[in-house]
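**Q** Numbers 533 to 753, taken from this note's numbering, label the letters of the sequence shown in order.
Some hints here could point you the wrong way.
Claimed, not checked - Here are the simulated DSSO-like cross-link-like pairs (lysine-lysine), alpha carbons at most 27 Å apart as the crow flies: (1) K671 <-> K607; (2) K607 <-> K692; (3) K692 <-> K580.
Said to hold, decoys possible - The following label-pair restraints were derived from C-beta to C-beta distances: (4) T594 <-> Q717: 23 to 29 Å; (5) D654 <-> E611: 34 to 40 Å; (6) G728 <-> P653: 22 to 28 Å; (7) M730 <-> A609: 41 to 47 Å.
In case anyone wonders, no lab produced these hints; they're calculated from the structure. The structure displayed is predicted, hence computed values, not measured ones. Backbone N, C-alpha and C fix where the C-beta goes; we use that ideal spot for every residue, glycine too.
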Amino acid sequence: MHLTTLSSHILFLTLTILSLASYAVLATPALAEDLQVVHGQTLSPRYKYEPLRMTGTIGDITLNHTGTIEEILAKVADENPSFKLEELDSTSTGAAGGQSIASRDKQTKSDLACYPFPGQPDWRAAEVRYIDDGIAYLKKVTALCWVNGHACSRISCSYKSAITLCNVTPNTMGLSCTYMASYVQDILNRCAYSVGLMRLVGGQAWDTDGYNVNVMRDTSC
């Protein structure tokens, strides 16, 4: 076999493994100081927001897109005129990695805090109905949500109600989008409340691997 052919096979195998994994981390181990970001804040001021990258599939369509899940679904619909989201079944929590997701649930989910947070006056609660929509959309994909080190990415954002994924380590992480939805559901289950006829929710769920999932009001969408 020629060297170039062998290299191509190795590259293809590597990309395939990454796309099927429920959890992927690239680069160096996390530093202790990275894991000491105060709970109740997404990232320290030196960190940044970056567009989410999603790789995987929705139905039989390959995903390699950037943006929130709402933006990605709109792009998929533009690229595939016959695409109908409502005809797709929801993905089970373990679909993007089998039993590894179930075991990670017990091993690495850690703190969960509800809005309001002391020292975080800028946080506001989101509307439950739009966060529910975000969860439903994330359950339609078999994909990884990629977030760079020391960055936050909006997974879902509509009607000023956002789900963000924040990475406090220096590593680039690829995390099961459906599994990220399970953190959001945890926040809904514990933190939702009523104001008159409106249901609101705000909260933050942490994982010991150095990332957190946040539900909040976000005026960018």
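**Q** Now, for every hint given, state plainly whether the structure supports it.
**A** A quick look at each hint next to the structure:
At most 27 Å may separate the alpha-carbon atoms for a hinted pair to count; K671 and K607 meet this at roughly 18 Å. Restraint check for K607 and K692: the C-alpha separation of about 20 Å stays at or below 27 Å, so the hint holds. Proposed proximity of K692 and K580 is supported: the alpha carbons are some 19 Å apart, at most 27 Å. A hinted range of 23 to 29 Å for the beta carbons of T594 and Q717 is consistent with their spacing of about 27 Å.
Here the CB-CB span from D654 to E611 is close to 36 Å, well matched to the stated 34 to 40 Å. Judged by the Cβ atoms, the range 22 to 28 Å given for G728 and P653 holds: they are separated by roughly 23 Å. The hinted window of 41 to 47 Å between M730 and A609 is violated, with their beta carbons roughly 30 Å apart.
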